[in-house]
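Enquirer: As a plain string of letters, each chain reads:
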Amino acid sequence: MDQPILTTTPPLLTARGLHKTYGPISAVNGVDLEVYPGETIGIVGESGSGKSTILRLLNLEEPPDAGDYALAIPAWAERNLFELNRYERRMLRVHHIGIVYQNPHMGLRMRATSGGNVAERLIMAGERSYATLRASARASLAVSEFPLDRVDDIPARLSGGMQQRVQLAKAIALRPALLLLDEPTTGLDVSVQALVIDTLLRLRREQPIATIIVSHDLGVIRTLADRVLVMRHGVVVERGLTDQILEDPQHPYTQQLVHAKL
Amino acid sequence: MKLTQLAHQRTDYSYAFLDAFAKRELRRRILKAIAIPGYQVPYASRELPIARGWGTGGLQVTLAAVSPADTVKVIDQGADDSVNAANLRRFIARMTGVNTTTDTLAASVIQSRHRIPEERLREGQLLVLQVPDPEPLRRVQSDTSQAREMHADADYAQMWLSLYEQLVRFGRFMQGASYPVIVHGRYLMSPSPIPRWDTPALHQSPHLTILSAGREKRLYAVPPYTDVRPIEFSDVFFQVEDQTGRVCVITGARNKFMDELPVADGTSLFRISDTGYVAKLTQHARSEIAAIGATYYDEAGQFYQPGVLKSVDDQKLPR
Amino acid sequence: MPLLTVQNFNKTFAIHALEREVGAFADVNFTLHPGELLLVRGPNGVGKSTLLRCLYRTYLPSGGQAYYQSAAGMIDLANAADVDITQLRRSEIGNVSQFLRPRPRVSARELVMEPLLQAGVSSETACEQAEEWLGAFGVKAAIWSAYPTTFSGGEQQKVNLARALIAPRRLVLLDEPSASLDAGARAALRDRIITLKARGVAMIAVFHHAEDIAGLVDNVIELALP
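Chains as they are written, first to last, in our numbering: chain B, 1 to 262; chain X, 1 to 319; chain G, 1 to 226.
Isolated chain B, as found in the complex (with noise of 0.2 Å):
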């Protein structure tokens, strides 16, 4: 495969060699990555395969035993993000970097309201204002397809989708660089999933952020993804086009993979 040259704008996102063991597991073992400015990347892999410890990596919620990460952000640009002290570390997430989990109890306060949820994420970045914490809530909250009329109801009265929905209002309220999404369908109805899946297309076409999405569910990653990484045992074991990962798979693994799900 030949270097980019119609590509002409850098990666937004540059991560190599990226390292990660619990003790005598590797969980990932050397893997690099790249996304562009606007594209959506899948990782596929079963469980185990260090799909989820990517994330969590490049989510700067654990170090890493070896690695680069870097974003191509004003002010970010030339730094390891792995080396970044405490403070630096929460500026970086608060402003750049937005993730929805699959468990919506690990991302949102259960008991706070849900345009409470998405304003703290305003208030940490700075803004002090009740009508404009308001507001932009409303509309992030909006773009997430979250039925406004509910804006005052905590997430523990609303479904798994709409928990799902305030969890993205939050995570592009600030307009982030890089959006995580780790399997953020799964364990929703069916039915629900579609809605949700919609709403990240609807998302990816007016709002167009560099996207990371992990799932084991190769439906999604086909509606959602450009590009696919395959991963097994916290190795890459094959990169490429969505529709060619999915149809034409090269390596053994992934052929095992997609014709059992398909």
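Don't read these hints as lab results, they were simulated from the structure.
Hints may contain errors.
Mimicking SDA-like on lysine to any residue, the simulated pairs with C-alpha atoms at most 25 Å apart in a straight line are [said to hold, decoys possible]: (1) X:Lys310 / B:Ser129; (2) G:Lys197 / G:Ala210; (3) X:Lys310 / B:Glu83.
Covered stretches of chain G (in silico footprint by chain B; criterion: 3 or more residues with CB under 8 Å from a CB of chain B, positions within the stretch not fixed) [as the list claims (entries may be wrong)]: (4) 11 to 24; (5) 71 to 80.
On a predicted model such as this, the values are computed, not experimentally measured, just so you know.
Glycine included, every Cβ here is placed at the ideal spot set by N, Cα and C.
Fit chains X and G to the given chain B structure using the hints.
Expert: Using the frame of chain B, we list chains X and G on its own:
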């Protein structure tokens, strides 16, 4: 020069009840607290002949800080004559030989539970506030180690989130006493359970305030001329208790912080909570000489520093 | 100046589970100019669809080159970086597959509007054009707001065609586009192809009903079974 000239006269008991090591530790912790406004300094809280919860924190600060030249006033909810205030005052006087007073202007040290006097304190005066719970983050983060990390990171977003939630649910800020403030633009602090009425008095004050919690073993300070700002939104403001229509049944004065006295028929009478101030007003009314100090709030209820308290009329509570 | 020059193009599938290799096509060579329609012919199973998919990079070619003259320069589709292919697919190279992938809760109109919205066209204009295309293919106005998940195969294919052809492209790959269409729609497709050719759009097609494009074909490739 002989050693006897340099050293204190030998006494049978330690001055101010606490031993020299205790006093030294307290003084060092107090200095540290003054050096980092609003930061909770842990200290080894000593046993005293009163139980925890009765003012041991404040008492330790007062005992460590006074010398025989000081004049001490002790109040409890504004009253000099409450049992607790009286006991503390008597103990301090016995242990230190200081003069005591009910006159705010004459005191060099004022130890108080849950109130700041109505007359303005000046440079050189020390206000010691008794604190039950020093941690302003307690309600949003019950885990102390997490709370300490939040203080270290100045990660106070959850406080503004709780303000947001209060506006959504109740239409107003719900915190009464102990209204959280940001000191010197950095640390979030609980000003102890003083009413909101008293919170602005800490802002850019000429006096030094030390707050101490004996059971929790933390003390913190607001140095003179330090910013103390209650948390609020830029478009929804902190407000003090509304004293409109309240007249002190003893003095007839208005726009001071009042205690409410329920009457048998269901109505209420009001009485200014600061008994020292009430005493001066009644003396003055009897044409006796009483040096009444300038107060934080004037007769019309205006705070003495303009711009510190913002009018409700300037705020709009949006949908 | 040729738009596409294909040399020694070949494809072999390696099926690891069966430990077998299956050859699809070999030694394909041709050139294509703007406005030309290239027809790919051959018996069933010979690899016609596979050839188109290799050009679109849905399949990875096993060897050879496909030099494409994009708006930004010459690029070998067979070996181009994934991100470049994504960009070309978004703006220059179109693909008409045999099947529509309908999505729940997305109307026929919206599906056809999407490529235009993606290209930054305003919602009103996209809507107008989408309705024009749907109408041209004989999709009744009453079902433009309906969800194609409920349509028949033929109706879905009309939506598919409209969606694939609506946004301007320089090269379009058509894989059995008319297989499930009624006569009216097939005629409409022929009209559209004529218009596209006149605009300089190059096309490579596999056509079940070769008579639909009679007189429009500029070149033919015959694939033969090995």
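Enquirer: Decide if the proposed pair is consistent with the structure: Lys197 of chain G and Ala210 of chain G, CA atoms, cutoff 25 Å inclusive.
Expert: The hint holds at about 17 Å.
Enquirer: Verify this for me: three or more residues of the region 11 to 24 of chain G with a beta carbon less than 8 Å from a beta carbon of chain B.
Expert: Holds, because 5 residues of the region 11 to 24 of chain G bring their Cβ atoms closer than 8 Å to Cβ atoms of chain B.
Enquirer: Below or equal to 25 Å on CA atoms is what counts here, so check Lys310 of chain X against Ser129 of chain B.
Expert: holds (15 Å)
Enquirer: Has the given pair, Lys310 of chain X with Glu83 of chain B, been kept, meaning a C-alpha gap of at most 25 Å?
Expert: violated (44 Å)
Enquirer: Counting residues of the region 71 to 80 of chain G whose CB is closer than 8 Å to a CB in chain B, do you get three or more?
Expert: holds (count 6)
Checked against the numbered hints above, the structure violates only hint 3.
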